[in-house]
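Engineer: Listed below, chain by chain, are the residues.
There are 2 protein chains.
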Amino acid sequence: MIYPKKLEAIIEFYKKLPGIGEKSAERMALATLDLPTEEITNVSNDLIDAKNELRPCKICGHITDKEICDICSDEGRNKNIICVLEDYKSVFTFEKTGNFKGVYHVLGGLISPTEGISYEDINIPKLLERIENLKNPELILALKSNIEGETTTLFIKKILEGKNVVISRLSYGIPMGADIDYMDTITLDKAIEDRKKISD
Amino acid sequence: MIYPKKLEAIIEFYKKLPGIGEKSAERMALATLDLPTEEITNVSNDLIDAKNELRPCKICGHITDKEICDICSDEGRNKNIICVLEDYKSVFTFEKTGNFKGVYHVLGGLISPTEGISYEDINIPKLLERIENLKNPELILALKSNIEGETTTLFIKKILEGKNVVISRLSYGIPMGADIDYMDTITLDKAIEDRKKISD
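So the sequence lines, in the order shown, correspond to chains A and B. Going by my numbering, the first sequence opens with residue 136, and the numbers climb by one from there. Going by my numbering, the second sequence opens with residue 136, and the numbers climb by one from there.
Since the hints were derived computationally from the structure, they do not count as laboratory data. Please read all numbers here as calculations on a predicted model, not as lab measurements. Glycine is no exception: its CB is placed at the ideal position from the N, C-alpha and C atoms. Hints should not be assumed to be uniformly reliable.
Claimed, not checked - Not everything, but these chain A residues come out facing chain B in the computed CB check (under 10 Å): (1) Ile137; (2) Ile145; (3) Tyr149; (4) Ser179; (5) Asp184.
Please model the complete structure; the sequences and the hints are all you need to start from.
Structural biologist: And the structure:
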């Protein structure tokens, strides 16, 4: 082994992160050692704290260090417009556009009959509960354009039939099969602006 | 602020590492949260341990978690051939070629009259001490091909004049001004193989 044990451990850690190969991980680990002790101690604590403190918001399922996330507790946001997402990571992507003034609901997965994932396994019951307490709510379904995403979209549309809920989904601007997290903010803005009501 | 405080702190940390921009840092921080608690705890400890445990080898100045590094304490290596490097990071680069069976000496800097760095500010006195105790030693100077590198190379050559030391330096294969750490192993092998004795 070329590297001292602890340095090797840090390299192995960095290699687990997305887009980081062997050579990058090595350079990053060596650069880490060059940082002041204080910064190393801080990030070491931050890593543990982040893992311990961050949990799903009790209302929307977004990640937060509070009981209710900043978005759900923001009085300035329209609680009647709920953007439904598969993953909390996408909330950050949407928030960066800065233009969406509604709130979110994070499903934490998609319905998949082949993998045995039903609507009860993801955060849909909680979504239905939220909607019950709203007057004229609107749902914007921003799910992947693959089979699971379409299945989940159709399920939500079906289960809310007859209830007074406007359901739309993100429209053109998002390429088929692409990951929402890779979208540029202009495309995302466009997709929110041009959201399309699901017709029967 | 879009991100919870601790997550933001981790993003800021990653941004300090080489080659990591805003977007990469965000993706890496989010991916970090997906790792099991145990791995987070481990790397958190590894970071602090690495910073505390790793120190210069008492003989060659390479980074190590022991008093004497594995290379210096390796009986199979030729202690009479010393490859002189600016930075311990370059030791790892050389070790990856797997072909160099001598030992190293890490200067931890280069002589720079403009910046007021003399030979005593870097690890040269220790190098002279090492050489005193060797019979027919050979130095391979593998320093940058910039002014500071050339100055340091010439200084070492001059101070050892008349002593029975063969001094060579890495020859062609390394482009002018390039960083040794970016070399591929074949080029480095070639440069070791074709090292050139410094003529008067």
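Engineer: All hints are to be evaluated individually against the structure, with a verdict given for each.
Structural biologist: For each hint, the structure was consulted:
For isoleucine 137/A, the suggested interface contact is upheld, since its CB lies about 5 Å from the closest CB of chain B, less than 10 Å. The interface hint given for isoleucine 145/A is met, as the beta carbon of that residue sits about 6 Å from the closest beta carbon of chain B, less than 10 Å. The beta carbon of tyrosine 149/A is positioned within 10 Å of a beta carbon in chain B (closest approach about 8 Å), and the interface hint is therefore held. Here the hint on serine 179/A is kept, as its CB sits about 4 Å from the closest CB of chain B, short of 10 Å.
Given hint, aspartate 184/A at the interface with chain B, holds; its Cβ is 5 Å from that chain's nearest Cβ, closer than 10 Å.
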